[in-house]
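> For reference, the chains in residue letters:
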Amino acid sequence: MHEFLTAGIIGISLGAQYALLALGFTLIFGILGVINFAHGGFYALGGYVAYAAVSQAGLPFPLAVLAAVVATAALGALYERFLIERLVDDHLATMMLTLGLYLVISTGLLAVFGPQSPEFSFPVQGTLRAGTLYLPLENLVVLAVCAAAIGALWLLIYRTDFGRALRALADDRKVATTQGMRPGLLFPLAFGLATGLAGLTGALVTPILALSPSAGDPVLVTSFLTVILGGLGSIAGAVVAAVIVGFVEAYASVYLGGSTGALILFVTVLVILLARPTGLFGREIRGA
Amino acid sequence: MGRIAKRSLVAAVVAAGLTFTAGAGAQTTCEVRIGALGPMSGPAAQWGLAMLGAAELAAAEANARGGLQVGSQRCSVSVLSYDTRYTAEGAAAGVNNLASQGVRFLIGPVGSPEVTGAKPVATRHRLLMFANSYAKNAIGPQWPLVFHLGPGPSEWAPPIVRLAKEQFGMRSVAIVAPNDQGGTDIASVDAEVYRQHGITATEEYYQRGTTNFAPIVTRLLASRPDVVDTASSPPGDAGLIVRQLRQAGFTGPIGRLGGPGTEEIIRVAGGIDVVRNFYWYEVAPTEDPRVRAISDEYRRLLNREPPENTNLWLWVVGARMTLRAIERAGTATDTNRVAAALRELPVEDPNLGRGAWTGQSFFGINQELSLPFGMGMILDGRMVGVRRIDVSPQ
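Quick mapping for you: the protein sequence lines, in order, are chains A and B. Under full-length UniProt numbering, the letters of the first sequence match residues 1 to 288, in that order. Under full-length UniProt numbering, the letters of the second sequence match residues 1 to 394, in that order.
In case anyone wonders, no lab produced these hints; they're calculated from the structure. Quick caveat, the model's predicted, so the values are computed rather than measured.
Among chain B residues calculated to face chain A with C-beta under 8 Å, some are:
1) Ser41
2) Pro43
3) Ala45
4) Asn179
5) Glu204
6) Gln207
7) Thr211
8) Thr218
9) Arg219
10) Gly236
11) Gly239
12) Gln247
13) Ala248
14) Gly249
15) Glu264
16) Gly270
Here a beta-carbon is modelled for each residue, glycine too, at the ideal position from N, C-alpha and C.
Whenever a hint applies, use it, and build me the whole structure from the sequences.
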């Protein structure tokens, strides 16, 4: 019973982190139709910006996280505006552009910070305990920030004119453009919003796990898996799928071990996709 | 002096000058290229960078002496490197890449997956390879040009487990390692040695690339072990495992019968107070001033800080021995002759001291370069130090 409850707590923590990552990934596909292979790079970059802000600039951790969000959002918006925007309808070209950006980011981090993990600790330490159950406070803080960020994003997309404009562009770009929506302005903002979410996750999560230039490698795989399971382009689907992935990973690893657990996760996703090839919320997939 | 005689004298002087110039040119243009093959990025980067640093130091030492004497030629030594990212395919590609640049001698690779990937390709190119790794088949009679920088876990695990049991009195251990050859080959040997000392051992494996070990930690602690051993988990992974073990309430000692990386483990775990009670296999007696002098030599010759990982001190012996064997064989191209010379070299290093060629009983071939090693210990959050353990010849 102890292991069952502990696995549940771990699953919630993992699910929240995966949701934040998957939201940015699915947002870019849903609105622009671009698969962002640089998503893991923005995660790692967010971690390093926060690390540099704390260790070199001496900023308090919350401001360092804010700096990471601003830096990754700005880089994403500029990259979209000056490079992706020119080829936004060419899927192969945008794939190469984002993959190339990932290589540039990870190699740049390697050159600047070196290959070894720096000492980067979460400012909130300690563990809540109830009998044999435990919850590190840092995980609790990350969970709360993730929940707040997901809620804020939902409000932004579904309750503001900006969100309505983005959804209109996602539904039908031509009609939306004739109605006065400006892709040249809105696309960079959407891209920056998504990369800012990746940067936020990196700044929050890497002090809990580990920071290295290759920290983004597994992030891309997890984000891709989650978003495909939820239905490419679906915000609700990404959140639900992230929770499923988090729980499957936690329970399978605890009860079946690290090797079999990883296998079970992929088999579960495969089975779900066989039943629903468009993903759990496939109806919301952006019309190509 | 007659006209003909004058001409002869001039001709003789010119000829002598040409001969001298040609000879001097041949002596200075010869170059021996050494390949450094290993992980230069990712969680195992510490090991690869230490290996690269050792190759560069051995080359700098040789060049500072005026180069290697290879037959009648005086050759400079240069080092080319390749980042394998700790993968078999990366290592195989690296061997091809380095061979295409004229490399005949490889220092590395470090890990078992890399060694498995590199061996067939290196054999095809007839390269001499000085590999590390704890693979059960790291070397063997079928790989006569592959040497092992040891000793391996079959040599160093028994004395360390005996000393750890004396200190901590444990009765059970859970060993955690990656689920590829780099983890399974060493964890299974470690487990066997623990059992030989009357300690119940369980093995737990994880997918390389795992970023959050909380589920693995929960599973490890379900068997209520007295000790958790991180074996050959890369230092970055091991540091996170240690941190999450402590968060989960595990207060027992943590062992590490695997690759070195204590500094990074302490850093990622969150400090020596978090690590608290820890014992590990150290590749060299790191508190010996002669061993530490290698780092001073590195600073002096290469004018920069040496790599952090203590593997530097072990790898430098392998690189030095390779260069000595090239000189003794008198060839930088015939790797069979260099290998024969290497087998005959006595294992004696100015910094690490006397060692022995081992490997016959475990690998079936006496090509394991075994040198004195150490056992490190942290007790109650205090660094106790590294104890020297000598090896015996086979």
